[in-house]
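Asker: Here are the chains, one letter per residue:
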Amino acid sequence: MFTKYFKVTLSISIIIIVIGIICMAAFGGLNLGIDFTGGSLTTVDIKTEYDTDVIREVLAANDAADAPVVKTGTGFTEAEFRMRDVGDDELQATVTERVMTGIQETYPDAELVSVDRVGAVTSSDLVKNALLAVVVACLLMLVYIWIRFELYSGIAAVIALAHDVMIMISVVAIVQLQINSGFIAACLTIVGYSINNTIVIFDRIRDNRKTLKAKYLSYDELANVSIKETLSRTINTSVTTLIMIVCLYVFGVDSIKEFSLPIIVGLVAGTYSSVFLSAPIWAKFMAWADNRKKTGTTASKKNKNGKSGKKASKAKA
Amino acid sequence: MKTKTRSAVALIVIYALIVLLGFFVINGVDVGIYDVRPLSGIQQGLDITGGVYTVYQADDTSIDNFEEKMDGAMLVLRNRLDSKGFTEGTVTRQGTDRIRVEIPINETSEIQDPTAISQFIGSPAKLEFKDPNGEVIMEGADIENAGVSTDSSGKPAVAFQLTSEGTKKFSDATLKFINQTISIVLDDVTISSPTVNAHIGNGNGIIEGNFTEVQAENLAMQIESGALPIDLKEIEARTISATLGVDALQNSIFAGFIGLLVLFAFMLIFYRLPGLVACTGLIVYTLCVLLLLGSVPGVQLTLPGIAGIVLGIGMAVDANVIIFERFKEEFRTGKTLRISFNAGTKKAFVTILDSNVTTLICAIVLAVFGTGQIKSFAYTLIISIIVSMFSALVVSNGMMKLFIGLNIKNPNVFMPKAKQLREAAKAEQNGGAA
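Quick note, the sequences are listed as chains D and V, same order.
For the first sequence, position 134 (counting from the first letter as 1) is numbered 1272 according to the working numbering, and the numbering increases by one without interruption.
For the second sequence, position 249 (counting from the first letter as 1) is numbered 269 according to the working numbering, and the numbering increases by one without interruption.
A hint or two may mislead.
Claimed, not checked - Here are the computed lysine to aspartate or glutamate pairs in the EDC-like style, where the Cα-Cα straight-line distance is at most 20 Å: (1) K188/V / E349/V; (2) K1266/D / D91/V; (3) K196/V / D151/V; (4) K367/V / D1358/D; (5) K189/V / E159/V; (6) K253/V / D1226/D; (7) K1348/D / D374/V; (8) K355/V / D1254/D; (9) K446/V / D374/V; (10) K366/V / D1345/D; (11) K253/V / D91/V; (12) K437/V / D1263/D; (13) K189/V / E244/V; (14) K89/V / D1345/D; (15) K446/V / E349/V; (16) K1145/D / D1345/D; (17) K1348/D / E349/V; (18) K1266/D / D102/V; (19) K253/V / E448/V; (20) K348/V / D1345/D; (21) K348/V / D1263/D; (22) K253/V / D151/V.
I should point out that these hints are in silico values taken from the structure, not numbers from a laboratory.
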């Protein structure tokens, strides 16, 4: 029943990813936060003890609450905050001026100390580094799964993994959620988490192939049985993880929300892909490989109707 | 009867130990002169407790490839922060010729003196080996790795291993200048001028220079992270407050607490007694993670980090769920509770091992290749994977065996509808026989 709708389930994923790509093209990429873009760093001398919330409200009123307000200076009487680049210097100056007037309404002695350009906290190097690390990690996981299971399981698992992260990025692009460095951590969490679900199903397939009845099952049927047998575990684990992360989303502060929403998306995508995509993809790969072997090596085309049970037991490593 | 009492006693002891562990983690203990406080040992990130920032300015902006050198300098600063364990520190470009480094130094840090850090971070560490004529033989970049060692008189020194290219340069030089002196120059100051006694072809060497242990350690780290490609001057150093309020931290802890309660309710309703065991395992997991976070260097607790731990709790249940589901399956085939559980655990073990090892591979790669935040995240992930395996395979598993040892007559305590399942299995067996 799971492999039967493979075309439908795959299409749903592809459609979401395509919409994501269209949105990215339409909105000019992801809605990158100040961690990625950099911007200006403004220092204001308040000259007295103050409440950061006041400054934050003024910034929010000017649509510039991009980063937290930090206290600094002797006796913490100075405020420092970052704002995203607004484009040209003139506009930047008016925004700064408006923010200053806003602050002076509450703290009349406040004085602008400096406005400085700052680069991104999360440099492109960090992103490149993270990407490189993920690619290396995927390759090593592929090798491990190859050794413990088989090559096609590894490939299917990595495809499912890439799918989950792509769905995450697509959804973030579609809703134009502002992302900061926490998003990288969120993606990495999903990379680590999603592979778990997939492995559990592949483990069951490996187990089921050792039994006698496996001989009479096609790869599709084998995948179906294994998915079904692990389904209550898949659902329960996903529910427990979701309970925790939804609580974080509901009760957490803004920066936690910004981090937990993509994880919720990734978790759902991960559960979906391990049930509806990874094992069906594996079954397709195996059937394809068997067919190729058959047409390539032997002339006998007797069991060409896909019931490749004999091969299944032979291919078991 | 005997196993029954033994199991009951063992369970009571385990729960008592867990309460003790909880007390130790939360309150800490005083043992003689030692004052162990695991929770306050956790280093906190910039967002939670604040720290210091230092701004460095490039001395000379007119040099060739200025942009490239600034990028290189930022990378070196990043590496030096990581090597000191400040993975959550940030390095940003400010204006055209300045670099801003923010370090989470506060009362929880091992290193308390901000100036010591900024000196370590900001000193160029340009290392040169010069021949008797003052020509440069090789530089710090030729060194593959460096570490602390001791010289012949037992004083701290820096031992190094050269790259293959460096080995060749050094080999040629020691052959050419035998019985002459080679000077080792750090930031234009000659720190030692050893006489070449023999030809050195293996690329190993030692730098002596009347170092203290800390100086030698810092120099080794600096050499490894590479010399700063540009001269930097410290122009500003100030303290900054936390970027998130105290409420943010309390908020997340509160969220985790609520989540944990809902999770417990879910597990108890769904899995009954095994659910209770899983909950106990989770408590052990949470306590152990908190304990380890304080003792592993390079882990700084930031808000995403806390979220990661909270999420990890959800993931740690997984191993328990896998075991219990297998247990149920085995029970359905008509085996006794004890045999079902043992068979289920045996099968589940392979699953848990494979899925966790795969994630562990991922985490280790991130820890090795990642920089800054990613490194810190990977450390947290590694800790949570190992601890979750321990809590599921040792704690929960052992406790389940003890609970089964209590010889509880009603199997419904272990899973819903157990009696019906057992009867159905029996009927099937009888039917098959008849």
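Asker: Against each hint, give a clear statement of whether it holds in the structure.
Answerer: Hints, one by one, checked against the model:
1. K188/V / E349/V: 65 Å, violated
2. K1266/D / D91/V: Satisfied, since the Cα-Cα distance of roughly 14 Å is no more than 20 Å.
3. K196/V / D151/V: 10 Å, holds
4. K367/V / D1358/D: Violated. K367/V to D1358/D sits at ~23 Å, over the 20 Å cutoff.
5. K189/V / E159/V: Answer holds: K189/V to E159/V is near 10 Å, not above 20 Å.
6. K253/V / D1226/D: Roughly 30 Å between the alpha carbons, so the hint for K253/V and D1226/D is violated.
7. K1348/D / D374/V: 17 Å, holds
8. K355/V / D1254/D: 73 Å, violated
9. K446/V / D374/V: Violated, at roughly 34 Å.
10. K366/V / D1345/D: Holds: K366/V and D1345/D sit about 12 Å apart, inside 20 Å.
11. K253/V / D91/V: 16 Å, holds
12. K437/V / D1263/D: Given that 20 Å is the threshold and the Cα spacing comes to 56 Å, the pair is violated.
13. K189/V / E244/V: This hinted pair holds, its Cα atoms lying about 19 Å apart.
14. K89/V / D1345/D: 56 Å, violated
15. K446/V / E349/V: 15 Å, holds
16. K1145/D / D1345/D: With a Cα-Cα distance of about 26 Å, the restraint between K1145/D and D1345/D is violated, given a limit of 20 Å.
17. K1348/D / E349/V: Within the cut-off at roughly 17 Å; holds.
18. K1266/D / D102/V: 17 Å, holds
19. K253/V / E448/V: 83 Å, violated
20. K348/V / D1345/D: Holds: K348/V and D1345/D sit about 17 Å apart, inside 20 Å.
21. K348/V / D1263/D: 49 Å, violated
22. K253/V / D151/V: 30 Å, violated
Consistency note: the structure conflicts with the earlier hints numbered 1, 4, 6, 8, 9, 12, 14, 16, 19, 21, 22.
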